[in-house]
Amino acid sequence: MRAARFHEWGAPPVVEELPEPVRKPGEVLVEVRAAALGHLDLTVAGGSFGMKPPLPYVGGVEAAGVVLDADTLAPGTQVLLRGGALGLLRDGCWRERLSVSPKAVTPLASPLPPEVAASFFVPTTTAYVALNDVARLEPGEEVIVTGAAGAVGAMVAQQARLAGASVTGVVGRADQLAQVPEGIRGVVTDDAEAVAELAAARSASLLVDTLGGSGLVERSRWVRPGGRAVVIGYVLGASVTVDLPSWLLDDVALLPVNMVRHERRAREVAPALIERLAAGELSVEVERFDLSEIAKALELLRDGRLRGRAVVEFGVEA
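Just so it is clear: in the sequence shown, position 255 is 263 by our numbering, and no numbers are missing.
Don't read these hints as lab results, they were simulated from the structure.
Where is the CB? At the ideal position from N, CA and C, for every residue including glycine.
Do not rely on the hints blindly, as some may be mistaken.
[As the list claims (entries may be wrong)] PhoX-like, lysine-lysine: derived pairs with alpha carbons at most 25 Å apart:
#	residue 1	residue 2
1	111	32
2	304	60
3	60	32
[Stated by the list, open to error] Label pairs and their calculated CB-CB ranges:
#	residue 1	residue 2	range
4	172	279	18 to 24 Å
5	277	205	33 to 39 Å
6	269	307	26 to 32 Å
Can you build the whole structure from these sequences, using the hints too?
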């Protein structure tokens, strides 16, 4: 079977043939239909993360497929593959078939297209936890979402709007305005007048920031005193300097979203989010690649040049 495997830290994965998996008693044998590519995959592959499997290893922390053989699941059951240290401490999901512990297998009650099933979990559950468990969003609030053309940012914007908030989505380029979800006001960061208006008005009670980097504190000043800035990502940089006297004067709480700690909560809310996806109330934009294009897809992900989430597919009809 084909798989994408890392042989060196920091190097692209190599697509190669590996032996077929053999199902051990109690495990679930799955045919992978689509596997997601995410920033966690890049972080692990860099070799400096606190969790990493021994080289060489097959990457991929999440995927979707169908059951081939199991003790308790019927063949053909659509499942999400996530957890069980997949792609973190052991071989991951970037392969055509794998046999895993039932702990890493979640049956999907509502069928989804394979590319959506493989990629929905992180953006939908992160958005839910950020808005409901961390920010404690109330109907009628005014919310600003940065990176609103990205997978997580777009999902935050959609869920905030469905919760009754007024939402502004901030993007980095004018061509990304078309990717801002319907019903969301779009603002481009190089539109100096529009950005100055956000800073002058300070009418938002909540900022959900997917960008991080040195501009985080400046963006938090788009929020009124007593508001909060929920921090999800750091695609623009992992460091920020806070001038404490100015921060105290601004009076905006900086709240982190730690999805490792919230993993159990994410699994709790996932079924309801799957129903909303299946009903068309929420949508995840996906760019699809063949496994042979995985190095290119990872480069686009690293450079922030993807529309939504990226998945690799294995040429199997759903």
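Going down the list of hints, with the structure as the test:
Taking the CA atoms of residue 111 and residue 32, the gap is about 14 Å. The hint holds against a cut of 25 Å. Proximity of residue 304 to residue 60 is assessed by CA-CA distance (about 22 Å); at most 25 Å being required, the pair is judged to hold. Under the criterion of a C-alpha separation no larger than 25 Å, the hint pairing residue 60 with residue 32 is consistent with the structure, at around 24 Å. The hinted range of 18 to 24 Å is satisfied by residue 172 and residue 279, whose Cβ atoms lie roughly 22 Å apart.
Hint check: residue 277 to residue 205, Cβ distance near 35 Å, so the stated range 33 to 39 Å holds. Take residue 269 and residue 307: their Cβ atoms lie about 30 Å apart, and the range 26 to 32 Å holds.
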